[in-house]
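**Q** Sequence:
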Amino acid sequence: MSNHENCNCCQKAPFRLDHVGSFLRPERLKEARAKFSAGEITAEELERVENEEIIALVEKEKELGLQSITDGEFRRAFWHLDFLEHLDGVELVEVEHFSVQFKDKDVKPKTLRIVGKIDFSENHPFVKHFKFLKEHAGDTPVKLTIPSPSMLHLITQVREKNYIPIDRYKDNEALFYDDVVAAYRKALQCFYDLGCRNIQLDDTSWGEFCALDKREAYEARGFDLEQIARDYVDVLNRVIEWKPEDLVVNMHICRGNFRSTWFSSGGYEPVAKTLFGHCRVDGFFLEYDSDRAGDFTPLRYIKDQKVVLGLITSKSGDLEDKDEVIARINEASQYVPLEQLCLSPQCGFSSTEEGNILTIEAQWDKLKLIDQIVREVWK
Numbered sequence: 000m001s002n003h004e005n006c007n008c009c010q011k012a013p014f015r016l017d018h019v020g021s022f023l024r025p026e027r028l029k030e031a032r033a034k035f036s037a038g039e040i041t042a043e044e045l046e047r048v049e050n051e052e053i054i055a056l057v058e059k060e061k062e063l064g065l066q067s068i069t070d071g072e073f074r075r076a077f078w079h080l081d082f083l084e085h086l087d088g089v090e091l092v093e094v095e096h097f098s099v100q101f102k103d104k105d106v107k108p109k110t111l112r113i114v115g116k117i118d119f120s121e122n123h124p125f126v127k128h129f130k131f132l133k134e135h136a137g138d139t140p141v142k143l144t145i146p147s148p149s150m151l152h153l154i155t156q157v158r159e160k161n162y163i164p165i166d167r168y169k170d171n172e173a174l175f176y177d178d179v180v181a182a183y184r185k186a187l188q189c190f191y192d193l194g195c196r197n198i199q200l201d202d203t204s205w206g207e208f209c210a211l212d213k214r215e216a217y218e219a220r221g222f223d224l225e226q227i228a229r230d231y232v233d234v235l236n237r238v239i240e241w242k243p244e245d246l247v248v249n250m251h252i253c254r255g256n257f258r259s260t261w262f263s264s265g266g267y268e269p270v271a272k273t274l275f276g277h278c279r280v281d282g283f284f285l286e287y288d289s290d291r292a293g294d295f296t297p298l299r300y301i302k303d304q305k306v307v308l309g310l311i312t313s314k315s316g317d318l319e320d321k322d323e324v325i326a327r328i329n330e331a332s333q334y335v336p337l338e339q340l341c342l343s344p345q346c347g348f349s350s351t352e353e354g355n356i357l358t359i360e361a362q363w364d365k366l367k368l369i370d371q372i373v374r375e376v377w378k
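In numbering that gives the first Met the number 0, the protein residues as written are 0 to 378.
Nothing false has been slipped in among the hints.
Restricting the straight-line Cα-Cα distance to at most 35 angstroms, the calculated cross-link-like pairs of lysine-lysine (DSBU-like) are:
(1) K314 - K127
(2) K321 - K59
(3) K11 - K378
(4) K109 - K133
(5) K272 - K160
(6) K321 - K367
(7) K29 - K367
(8) K242 - K378
(9) K116 - K272
(10) K61 - K29
(11) K272 - K367
(12) K367 - K127
(13) K302 - K314
(14) K109 - K130
(15) K213 - K185
(16) K11 - K59
(17) K314 - K242
(18) K378 - K272
(19) K61 - K367
(20) K367 - K314
(21) K59 - K133
(22) K11 - K272
(23) K160 - K213
Restraint-style ranges between C-beta atoms, simulated for each label pair:
(24) A216 - D317: 31 to 41 angstroms
(25) E225 - Q333: 22 to 32 angstroms
(26) E121 - D177: 12 to 22 angstroms
(27) K302 - A326: 23 to 33 angstroms
No wet-lab data here; the hints were simulated from the structure.
For glycine and all other residues, C-beta sits at the position ideal for the given N, C-alpha and C.
Modelling step: build the complete structure from the supplied sequences, incorporating the hints.
**A** Right, dumping it as structure tokens:
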């Protein structure tokens, strides 16, 4: 399964066969992280286990023919907080409850707080992590997944009912956005200089803005979600407007992914015109594995971006019916040309270190199924 030349005419990400980024943590890695938390091993000993497991994962990704190699997010506890907490001016804090409620599951109650000017420094731990991945991926292209810039505003201000701005940002939300844009530009430039040509911005804000219950709750607190949506698109466009031609920036939109559960439901229609019609990312990874994501009609706003259809669930080990998936791809092609479509799982397999409820072998079977479908649809 290592040769996709005949079925994958996509020369730049996203690819026909693609994935969101995170993979289930091996038991050895879980045990090492638990021992480190308990003070039983050193940071250096944990890092050695992480390194060895990431090297093994990279080889498996190559074996499966993936063209966007990641480190599986093996060094992270959360898909988003680990990056954001290490921005200058941001700190991770423990709270009574997590900022959103997952269906029937409780998440470790942590959130972010703005404590100073937001910025990006090259001593950010993800810099070292990316260098390691790039070194061991060799000639195979790598992908860096980081939270979208809008997540910082969503977590610290929209979700947070008791947000108190620091003096720098008091009555000056425009400056907050300016600093976020500058920080992310620095980050993208830093990773580009290290050889990264494929960056994925992961974002749950759009999934929340699609959910009627969350829209009503936020609007009841005085938020103008239409304006916030426009602001988020503006921030994203400003972050990437400088980017070199050979740097691909895609966005993954999620409705929550913790232990095979979720926190948002609703089709893309409430955000489609603003997001798909005006955001200038190169492609969208879109969750479409259940009726919680609605139908394909919002895709009518897509212009020349690629759309990665997340038709294969990462929340269960049950394999989808190949013919049904192909039928849905054909249905989506009524709104977006087939040559702009790709296929992936709807989300990562382990957006947090706990992971979804399926086996590692089932995880690989999902990607093998995608490979089979890709070969049949895009021959």
